[in-house]
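Could you put the whole structure together from the sequences, leaning on the hints where they help?
If you want the building blocks of each chain, they are given just below.
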Amino acid sequence: MDSILELKHISYSYHTPEGETRALSDISFSLNNGEFLAIVGPSGCGKSTLLSIICGLLDPEKGFIKLNGHYHQSADNLIGYMLQHDHLFEWRTIYENVILGLEIQHKFPGLTEKEKCRANELLKAYGLDKFQKARPSELSGGMRQRAALIRTLLMEPKVLLLDEPFSALDYQTRLNVADDIGQILRREKRTAILVTHDLSEAISLADRIIILSKRPASIQETIRIKFDLENDTPMLRRNAPEFKNYFNLIWKELNENE
Amino acid sequence: MNEMSSEQLRFLNQRKKHKRIVRVSRIAILLSFLFIWEFTANVGIIDSFIFSSPSKIALCFWNMVLNRTIFLHVGVTLYETIVSFLLVTFFSLLIAVLLWFSDKCSEILDPYLVVLNSLPKSALAPLLIVWLGATKTTIIVAGMSVAIFGSILSLYTSFSTVDPEELQLIYTLHGNRAHALTKVVLPSSVPSIISTMKINIGLCLVGVVIGEFLAAKNGLGYLIIYSSQVFKLDWLLMSICLLCIMAIGLYAVIGLFERKFQR
Chain A
1 MDSILELKHI SYSYHTPEGE TRALSDISFS LNNGEFLAIV GPSGCGKSTL
51 LSIICGLLDP EKGFIKLNGH YHQSADNLIG YMLQHDHLFE WRTIYENVIL
101 GLEIQHKFPG LTEKEKCRAN ELLKAYGLDK FQKARPSELS GGMRQRAALI
151 RTLLMEPKVL LLDEPFSALD YQTRLNVADD IGQILRREKR TAILVTHDLS
201 EAISLADRII ILSKRPASIQ ETIRIKFDLE NDTPMLRRNA PEFKNYFNLI
251 WKELNENE
Chain B
1 MNEMSSEQLR FLNQRKKHKR IVRVSRIAIL LSFLFIWEFT ANVGIIDSFI
51 FSSPSKIALC FWNMVLNRTI FLHVGVTLYE TIVSFLLVTF FSLLIAVLLW
101 FSDKCSEILD PYLVVLNSLP KSALAPLLIV WLGATKTTII VAGMSVAIFG
151 SILSLYTSFS TVDPEELQLI YTLHGNRAHA LTKVVLPSSV PSIISTMKIN
201 IGLCLVGVVI GEFLAAKNGL GYLIIYSSQV FKLDWLLMSI CLLCIMAIGL
251 YAVIGLFERK FQR
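Line by line, the protein sequences give chains A and B.
For the first sequence, position 174 matches number 174 in the working numbering, and the numbering has no gaps at all.
For the second sequence, position 76 matches number 76 in the working numbering, and the numbering has no gaps at all.
Keep in mind the hints are simulated off the structure, nothing from the lab.
All values reported here derive from a predicted model rather than from experimental measurement.
Note that the Cβ used here is the ideal one computed from N, Cα and C, for glycine as well.
Please note that a few of the clues may not be correct.
To be verified - Listed next, with one range per pair, are the computed distances between beta-carbon atoms: (1) S102/B / R22/A: 29 to 37 Å; (2) L30/B / L111/A: 23 to 31 Å; (3) Q84/A / I194/B: 25 to 33 Å; (4) S3/A / K260/B: 49 to 57 Å; (5) L111/A / P187/B: 14 to 22 Å; (6) Y251/B / K158/A: 53 to 61 Å; (7) D59/A / S102/B: 18 to 26 Å; (8) A247/B / K158/A: 56 to 64 Å; (9) Y251/B / N77/A: 16 to 24 Å.
Said to hold, decoys possible - Computed footprint of chain B on chain A; a stretch qualifies when at least three of its residues, placed anywhere within it, have a C-beta under 8 Å from a C-beta of chain B: (10) 83-91; (11) 100-106.
Okay, structure coming up:
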């Protein structure tokens, strides 16, 4: 399999007047095309820092990242990042919100016909075409999350980074949205990295799970997730017998940390 | 929804009644104040030479309308206030944006802005007259000096308290700081820009009147100072009333602007 993203010996520290906090220490892994990777670990272990480095918002102090075989540059459009909160802007309609990224890419306002078409297609595919002119506050939490996903997908990223994208939702919505978005990503064979502290979310969505240790985070264990399901959806995974085994396995790994 | 329960009807009636009481009381206070003033002045309880009376003020106003001098005075004050308000709005937005762009710059300049903001600006007016002469420019600058520093500070505060995650979003979409400014910072600061404008319009009027006290040949501030020196209390109180009306009017214009922006 061809790897699309490669991290080698990534280290990072935060500096404050009070001292230095090592966040990441010597992290290396690679990601195959179409693979869904989940990263779990204790809270505050540096998961989000890792995503920021992959996205190019932060530069690693040591190590390097290769994207499609080339050294990664921060101006790269190949990586899409979905944050914890949807941050849809109330002063924009849903349509205007989803094209925000495209607007930023253009030096002058005005999208090409092709891009407008694609925006409309995605809105339709995700059931938001009737809400194009609506304001974000008129949408449910799940719909807002879909809109945020469209905003990221319109940038045509090769790799999608998801930073606890469902954690701001209430429990029931969260299960539905995670399943919903998980299915979309799987259907479209998106390459994605999901950061979460919710084990069941990780197991129900991922092909592979990386467990990070406490700070400074390093890779403690990598677990391949394989379900023997004909129709592999997050909801069915939750009900499959393997689910509990994976859960216990990862739970144990995480608690060895303590 | 056409059948309303009796409880709902009672609630709506009570609400209507409450609103009517508020409105009637407000008007009643104004009318009784004017009536007592007029009455006591007429029967000689208060000296109408010093305290004037509503009818004398109205008459004085009417005479000045007839000889057209009032339009000059009101026009000049209004013009100076609006010009200084527009300049304050423009420059404080510009400077606040520049400060937002450079953290270093804003940190360096912070103590200066705080000192300039807390300085009583009326102390600057005589200086401005010496530097700029007794002209309209001086008065406009005096009007600006009262509002601009506070305006810069509050706009900058509003710019720099934008949710950092919202800025992060722009960067994850591969935007730069200019994008962050135009797509997030400015649109999300519209409410505080407008409330700063509401404060500024009042402050500019204060500054302009201070300027006119010292360096004008016309305008309501000039009229107030002049009439106090020649003991024309009708003029003085009329000017104060006109300033009140002007302040309400200018505030209302910005209120309209605000409603338009909120759609």
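To see whether the hints hold, each was checked on the structure:
Between S102/B and R22/A the beta carbons are some 30 Å apart, a value that agrees with the proposed interval 29 to 37 Å. Evaluation of the 23 to 31 Å hint for L30/B and L111/A yields a failure: the beta carbon distance comes to about 56 Å. Checked against the hint of 25 to 33 Å, the C-beta distance between Q84/A and I194/B comes to roughly 30 Å, which is consistent with it. Remark: the range hint 49 to 57 Å for S3/A to K260/B is upheld by a beta-carbon distance near 54 Å.
At about 19 Å, the beta-carbon gap between L111/A and P187/B stays in the expected band of 14 to 22 Å. Here the CB-CB span from Y251/B to K158/A is close to 54 Å, well matched to the stated 53 to 61 Å. D59/A and S102/B have their C-beta atoms about 21 Å apart, which keeps the hinted 18 to 26 Å range intact. For A247/B and K158/A, the Cβ-Cβ distance of about 60 Å falls inside the hinted range of 56 to 64 Å, so the restraint holds.
Taking the beta carbon of each, Y251/B and N77/A are about 47 Å apart, not inside 16 to 24 Å as hinted. Counting residues of the segment 83-91 of chain A whose CB lies closer than 8 Å to any CB of chain B gives 6, so the stated coverage by that chain holds, three being the minimum. For the segment 100-106 of chain A, the assignment as covered by chain B holds, since 5 residues bring a beta-carbon within under 8 Å of that chain's beta-carbons and 3 suffice.
The structure shown violates the earlier hints numbered 2 and 9.
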